[in-house]
Amino acid sequence: MLVESPPEQRAETAPAPPTRRVVRAFGLVLAVAILVLVAMASIAIGAKELSLGQVWHGLFEDSGTYGDVVVAERMSRTVLGLLAGAALGLAGAVLQALTRNPLADPGLLGINAGASAAVVTAITFFGVTSLSGYVWFAFFGAAAVGALVWFLGGSRGATPVRLALAGTAISAALYGYLQAVMIMDDAALGKMRFWTVGSLSAATDSTIEQVLPFLLAGTILALALARPLNAMAMGDDTAKALGADLNRTRALSMLAATVLCGAATAACGPIVFVGLMVPHVVRSFTGPDLRWILPYAAILSPVLLLGADVIGRIVARPAELQVGIVTAILGGPVFIYLVRRRRTAQL
Amino acid sequence: MKTTNRAVRSPGGLSIRLDVRALVVVLLLLATALTASVVLIGTGDFPIPAADVLRTLFGQGNEGQEFIVNELRLPRVLVGLLVGASLGLGGALFQSISRNPLGSPDVLGLGQGATAGALTMIVLFSGDANQIALGALVGGLVTGLAIYVLAWKRGVHGYRLVLVGIGVSAIVTAVNGYLLTKSDIVDAARAVVWMTGSLDGRDWDQVWPLLGLCAVLVPLALCNARGLRMMEMGDDVSYALGVRVERVRLLLMLAAVLLTASATAAAGPVSFVALTAPQLARRLTRSPGPNLLPSLCMGAALLVTADWLSQRAFGAEQLPVGVVTGVLGGVYLLWLLVTERKAGRI
Chain A
1 MLVESPPEQR
11 AETAPAPPTR
21 RVVRAFGLVL
31 AVAILVLVAM
41 ASIAIGAKEL
51 SLGQVWHGLF
61 EDSGTYGDVV
71 VAERMSRTVL
81 GLLAGAALGL
91 AGAVLQALTR
101 NPLADPGLLG
111 INAGASAAVV
121 TAITFFGVTS
131 LSGYVWFAFF
141 GAAAVGALVW
151 FLGGSRGATP
161 VRLALAGTAI
171 SAALYGYLQA
181 VMIMDDAALG
191 KMRFWTVGSL
201 SAATDSTIEQ
211 VLPFLLAGTI
221 LALALARPLN
231 AMAMGDDTAK
241 ALGADLNRTR
251 ALSMLAATVL
261 CGAATAACGP
271 IVFVGLMVPH
281 VVRSFTGPDL
291 RWILPYAAIL
301 SPVLLLGADV
311 IGRIVARPAE
321 LQVGIVTAIL
331 GGPVFIYLVR
341 RRRTAQL
Chain B
1 MKTTNRAVRS
11 PGGLSIRLDV
21 RALVVVLLLL
31 ATALTASVVL
41 IGTGDFPIPA
51 ADVLRTLFGQ
61 GNEGQEFIVN
71 ELRLPRVLVG
81 LLVGASLGLG
91 GALFQSISRN
101 PLGSPDVLGL
111 GQGATAGALT
121 MIVLFSGDAN
131 QIALGALVGG
141 LVTGLAIYVL
151 AWKRGVHGYR
161 LVLVGIGVSA
171 IVTAVNGYLL
181 TKSDIVDAAR
191 AVVWMTGSLD
201 GRDWDQVWPL
211 LGLCAVLVPL
221 ALCNARGLRM
231 MEMGDDVSYA
241 LGVRVERVRL
251 LLMLAAVLLT
261 ASATAAAGPV
271 SFVALTAPQL
281 ARRLTRSPGP
291 NLLPSLCMGA
301 ALLVTADWLS
311 QRAFGAEQLP
321 VGVVTGVLGG
331 VYLLWLLVTE
341 RKAGRI
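Going line by line, the protein sequences match chains A and B.
Residues 1 to 347 (my numbering) make up the first sequence, in order.
Residues 1 to 346 (my numbering) make up the second sequence, in order.
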């Protein structure tokens with residue numbers, strides 16, 4: 001019994017047997033199928049219900065009927081959900097690997113708060129109104145807070161508690177700043193109270209066009225980091241011996257997470273826990289190999305985000321519950337479950 | 001290092017250990033809080049010199065001053081002192097129980113929970129000030145209870161408490177955001193001011209319940225300080241020393257939650273006082289352990305000073321006191337994170 005290594009370590013060291021790889025690849029196809037279904041649901045369900053036939057008609061034979069117009073409206077919302085979901089899931093997976101911290105999430109680490117504070121600053125003090133203008137502010141805010149949290153809580157002996165506390169504390173400070181701005185400026189309040197909960201409802205085609213390049217670049221970078229991050233998971237010394245450039249991997253990982261979170265936050269507002277939950281679920285059936293975790297996370301995170309968005313539209317009819325609220329309400333219990341499951345010694 | 005502990009013995013054989021430095025710090029902080037209070041009472045559209053303020057407080061002022069001081073400004077200052085003291089003490093209790101300098105009620109989500117209760121009253125029921133306060137009290141208590149139950153696993157302490165608190169806080173924050181989007185813009189503006197923490201328009205109605213709670217909870221907390229100090233050495237050690245660990249912890253957490261929730265009910269979730277006061281107090285007394293009394297005095301001094309700053313520092317525009325504590329707290333927090341990180345304590 002002592003000789004046998006735990007299953008996940010075995011998966012790490014030995015290449016997966018061919019059958020297992022087939023299963024995983026098949027699972028990936030299945031995941032894509034689920035994603036397509038959820039995306040269809042996201043287009044069909046809302047204040048006006050559409051049949052699958054109408055959705056199909058609107059997607060492929062757009063002829064300007066009322067149903068087709070509704071489809072076109074919900075299309076941009078769904079596409080943004082797909083993109084932002086993938087971005088948050090990838091960012092979460094990369095951050096969890098980078099910090100070796102099972103509780104890392106762009107929201108919990110304060111990166112979303114950084115992007116939010118920067119966007120609010122841009123809107124209120126610099127009069128920036130277009131998304132293309134404040135997406136750069138969002139990057140800057142995300143990067144600044146990411147670096148700060150990393151420096152404060154993570155650079156030496158990062159423990160999940162340290163990182164989470166550093167992130168929460170910085171979020172609290174930035175949250176105070178947001179509130180001060182909202183008190184002084186009623187116009188900002190009117191706008192920000194909807195933006196700061198995280199929502200897909202404001203999505204338009206131009207929103208997507210503006211963040212798409214960043215999200216694509218971030219996604220490609222994140223996927224390319226799978227191998228070096230795998231090496232780093234074995235410990236710094238082993239990774240160095242394997243020829244991985246630790247500093248470059250760390251810097252690129254932070255860059256990828258920042259670009260993904262910054263762009264997603266600029267487009268939808270801060271959304272928490274997607275990046276926490278999905279990589280956990282994925283890891284439970286792929287094992288620790290990031291070459292599988294990352295693609296799965298990129299496909300299943302939008303399933304969660306779009307699913308949460310659909311739920312938000314169903315439960316609060318005829319109004320809707322913003323997606324950021326639904327993910328927080330779903331994700332909080334998952335987070336608490338994870339905290340409870342681990343022994344204190346491991347934290 | 002010079003030792004500052006002295007044992008004081010009475011003829012009957014009773015003895016208490018006296019930390020001279022801590023005593024001096026407590027007296028200095030009390031003096032600061034009272035001086036700031038007098039200055040704050042004198043500040044406003046009708047400035048009153050400090051000497052007149054004192055004379056009026058002792059019943060020797062003229063009629064106009066009597067009205068302004070006793071009816072308008074004194075209750076506000078008293079609420080400030082009591083809220084600051086409650087937050088300072090509540091923060092010290094929580095930080096000691098969680099054994100983490102960041103484990104304060106605002107990080108753990110108690111402030112958010114109280115806010116949820118108050119927002120429910122403002123947004124869903126358009127409640128008046130008393131109903132808002134009641135909502136905040138209930139919200140804070142329910143959140144505290146939820147954190148305790150969820151963190152319970154053969155005892156509650158340390159990291160699990162902090163992390164569960166962060167999780168609960170995230171959920172409640174989302175609920176608050178939702179309530180804010182549901183409200184119309186007038187209620188939303190009112191809610192945001194409340195959510196920042198403000199002492200504007202506080203009168204005697206707020207003073208009495210706070211004073212009553214403090215009269216019960218402060219002695220209760222101070223009496224259990226010994227047990228708390230031992231619990232910082234670890235549950236097993238303190239159990240061996242005769243401390244009923246989980247009972248003391250439950251009692252003190254309940255006291256801390258009540259203190260924080262009632263303070264929040266009176267003034268809104270004034271940020272960072274609970275986080276900073278115990279840490280500043282600890283640095284001044286240089287003594288280990290929970291430092292309950294110094295934290296309490298520090299909280300009162302901080303909040304009154306911040307309230308004075310909020311009235312004076314921004315020219316014509318008066319900001320709620322919570323904005324001042326938020327800004328100061330943010331700066332302090334960065335410093336804390338940097339120094340504590342170097343010491344490896346966080």
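Any given hint might turn out to be false.
Calculated cross-link-like contacts (lysine-lysine; reagent style DSBU-like; alpha-carbon spacing at most 35 Å) [claimed, not checked]:
no. : chain 1 : residue 1 : chain 2 : residue 2
1   : A       : Lys48     : A       : Lys191
2   : B       : Lys182    : A       : Lys191
3   : A       : Lys48     : B       : Lys153
Simulated from the structure, these hints should not be mistaken for laboratory data.
Checklist line | Hint check against the structure, violated hint numbers in rising order | finding: Structure breaks hint 3 only.
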